[in-house]
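Q: Given the coordinates of chain A, assemble chain B onto it according to the supplied hints.
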Amino acid sequence: MKTPLRAIISFIGPSIILLMIFMLIPIVVSLIISFTDFDVYAIYDWGKASFIGFENYVNLMHDPLFWRALLNTLYALVVAMPLTVVLSLSFAALINREATHFKNFFKVSFYLPSITNTVAIAIVWAWMFNPDYGLINWFLGFFGIQGPNWLGDPLWAMPSVIMLVVWKAVGYNVILFTAGLQNIPDYLYEAAELDGASRFQQFLHVTIPSLRPTIFFVTVMTVIGYLQLFEEPYMLTAGGPLNATLSIVLYLYRQGFEFFKLGYASSIAFVLFLMIFALTFIQMRARRLEV
Amino acid sequence: MRKALVVLSVVMLMVSLNFGATTITVWGMGEAKGLKQVTELFMEEYPEYEVDFQAIPWSNAYEKILTSIAGRQVPDVAQMGTTWMAPFGSMGAFEDLAPYIENSEVVKPENFFEGAWESGIVIGKQFGIPWHVDVRAMFYRTDLLTQVGYDHAPQTWDELYDAVKKLHENGSRYGISLYQPQDNYQIFFPFVWQNGGDIFDSEGNVIVDQPEFVEALEYYTKFFTEGLTPISGSGNIFQDFASGDTPIYFSGPWMINMTREQTPQIDGKWDVALMPEKKSKTSFMGGSNLVIFRDSKNKEVAWKFIEFASRPENQLLAYQITNELPAVRQAWKDPLLQADPMIATFGEQLNDAKAPVNVPEFHEIAAAIDNMVQQTIYARKTPEQAAQDLKKEIEKILK
Numbered sequence: 001m002k003t004p005l006r007a008i009i010s011f012i013g014p015s016i017i018l019l020m021i022f023m024l025i026p027i028v029v030s031l032i033i034s035f036t037d038f039d040v041y042a043i044y045d046w047g048k049a050s051f052i053g054f055e056n057y058v059n060l061m062h063d064p065l066f067w068r069a070l071l072n073t074l075y076a077l078v079v080a081m082p083l084t085v086v087l088s089l090s091f092a093a094l095i096n097r098e099a100t101h102f103k104n105f106f107k108v109s110f111y112l113p114s115i116t117n118t119v120a121i122a123i124v125w126a127w128m129f130n131p132d133y134g135l136i137n138w139f140l141g142f143f144g145i146q147g148p149n150w151l152g153d154p155l156w157a158m159p160s161v162i163m164l165v166v167w168k169a170v171g172y173n174v175i176l177f178t179a180g181l182q183n184i185p186d187y188l189y190e191a192a193e194l195d196g197a198s199r200f201q202q203f204l205h206v207t208i209p210s211l212r213p214t215i216f217f218v219t220v221m222t223v224i225g226y227l228q229l230f231e232e233p234y235m236l237t238a239g240g241p242l243n244a245t246l247s248i249v250l251y252l253y254r255q256g257f258e259f260f261k262l263g264y265a266s267s268i269a270f271v272l273f274l275m276i277f278a279l280t281f282i283q284m285r286a287r288r289l290e291v
Numbered sequence: 292m293r294k295a296l297v298v299l300s301v302v303m304l305m306v307s308l309n310f311g312a313t314t315i316t317v318w319g320m321g322e323a324k325g326l327k328q329v330t331e332l333f334m335e336e337y338p339e340y341e342v343d344f345q346a347i348p349w350s351n352a353y354e355k356i357l358t359s360i361a362g363r364q365v366p367d368v369a370q371m372g373t374t375w376m377a378p379f380g381s382m383g384a385f386e387d388l389a390p391y392i393e394n395s396e397v398v399k400p401e402n403f404f405e406g407a408w409e410s411g412i413v414i415g416k417q418f419g420i421p422w423h424v425d426v427r428a429m430f431y432r433t434d435l436l437t438q439v440g441y442d443h444a445p446q447t448w449d450e451l452y453d454a455v456k457k458l459h460e461n462g463s464r465y466g467i468s469l470y471q472p473q474d475n476y477q478i479f480f481p482f483v484w485q486n487g488g489d490i491f492d493s494e495g496n497v498i499v500d501q502p503e504f505v506e507a508l509e510y511y512t513k514f515f516t517e518g519l520t521p522i523s524g525s526g527n528i529f530q531d532f533a534s535g536d537t538p539i540y541f542s543g544p545w546m547i548n549m550t551r552e553q554t555p556q557i558d559g560k561w562d563v564a565l566m567p568e569k570k571s572k573t574s575f576m577g578g579s580n581l582v583i584f585r586d587s588k589n590k591e592v593a594w595k596f597i598e599f600a601s602r603p604e605n606q607l608l609a610y611q612i613t614n615e616l617p618a619v620r621q622a623w624k625d626p627l628l629q630a631d632p633m634i635a636t637f638g639e640q641l642n643d644a645k646a647p648v649n650v651p652e653f654h655e656i657a658a659a660i661d662n663m664v665q666q667t668i669y670a671r672k673t674p675e676q677a678a679q680d681l682k683k684e685i686e687k688i689l690k
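Residue numbers (this note's numbering), protein chains in the order written: chain A, 1 to 291; chain B, 292 to 690.
Chain A extracted, bound-state conformation (with noise of 0.2 Å):
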């Protein structure tokens, strides 16, 4: 039978209409304003930008906070991505276990920092940071460790960030992945364990090969999260010190709301949107190889 086209469009229309207006519209507006010398002088009078081709893209290369900007992300996403993988899935096993008591308390306390503010996260952690009382190094004085000046030391300040955010993102992960986990058939575990399976070889040849979707989906959302840092470094460290938590959208944002150079930030957010683009297609095929 054929659907008749005013029935496609009736359903479908809304949402791609909406999708024009906040998805496609803006991404193409802001390609276009990254080839021009869109300025302060240009929000009131967008005469005065002109097109200046890649002059952008060209000076962004040369830009060393850029760069600084890219990396510090790039740290960002490769110490906390499998971080929030590994810890989210052990935390969903542990969970899921029968034998396990409070699943209900446990759940709850894992998925709070997900909805809770990240600027009064942010605050809290501030204070647990902090070198001469903070929680965390009371706690470290235990031990007879000196813990070090976390959110005012250039090498601590970004681990610190990453403590953050996969505390942070950790919860919601544990949710995915519990879902996950109560899809896998029980017959399946009952067959390795009559095949004299291990809990441990269960976990790596039944569970891990049936989250297989649930995996790869929790890692391209946390890719493309992580590589959109923005709040915890800014009301944290305010990319401090020294820049070493300077994050691309930090940099994107300061660029455009406080520099006001709006050229200049589009051209740094369509490089963001390509990277992102990439390392999700290349994923998207990395999971078709293994398929």
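Simulated from the structure, these hints should not be mistaken for lab results.
FRET-style restraints, in silico, Cβ to Cβ:
1) A/Pro-26 <-> B/Trp-349: 23 to 29 Å
2) A/Tyr-75 <-> B/Ala-389: 49 to 55 Å
3) B/Lys-683 <-> A/Phe-216: 45 to 51 Å
4) A/Thr-116 <-> B/Pro-400: 46 to 52 Å
5) A/Ile-184 <-> B/Gln-473: 47 to 53 Å
Because the structure is a prediction, the values reported are computed rather than measured.
In this text, a Cβ means the ideal position worked out from N, Cα and C, and glycines have one as well.
A: Same frame as chain A, but now just chain B:
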């Protein structure tokens, strides 16, 4: 039925256009209770006008103004942070107020503090009329300073350094608080002004490599390299002040009431003093201005509102409600402000205070200064090196 509705709505529209009061929109920033009260009094005095008042939190205000300008949905009058005057002003979003001031009885330059009045001037045009001012002064613990032999607040650079060192030796974990991760130039730059330095000279040349600037940077850096001040700003200023960890810091008048409320245990053990002196005691002046947007349709009414807000009695009213310091000199003669010696100190400091330069690139320059200060306090660069690099950086920003 439908016809009747159309007719009715058209009639209502005409009525509201012809007989309704002229409405202006006013945006107040932060709690804005004071300005809100003023709008209500304004409507009492001018019943023919209606004021639609909206309070916007400071944290959202910057982006909200930006989007409103880009989308041409601006209010008639808005309260504007002094460091925001330059970017929005140079966009051409504000109305030049010079012709209005010329014919005004109330709003005259000499009625306002000089630094505050100048903060309203961008690219040579008067875009803003000062609404409230805030200025930084020195908060210090009288009891702890007495212990190290100071029966007065440190009054010069040498005394400040000496006192901080002695406080540190006397058991304070640090001695002074000098650093904040965001907008650190507000703390650092007064030292440059006190030493006679600045970002630009009168001809617009960048002069941050001059000895005055370098010396100020050296002095400031010394507190960090000698461990006299915490290098990360994530502490709680009230607790640090009460515990004696940082018995001295610089901040604005809002801290007076907050300290009284949050740390009653040190009541009577602290006071406020003028900035330390080198060549001058210059402090950082912030605050806010009232502006009229160029796209406003009721500029005459908007101006009447600004004139109304500039009356000393209305400035005092706002002070009573929110503790925002009045920008009008006349208001400071009122016993209300003179009765509190701490507030009076802030009043005295206002006579020697500077607002940051109003160039559109100010935020970028401020970020460059922040970055350079970090380079020196983390001992990555010497003050001379940092100052020279900063000069190149600022020249690059201005092209």
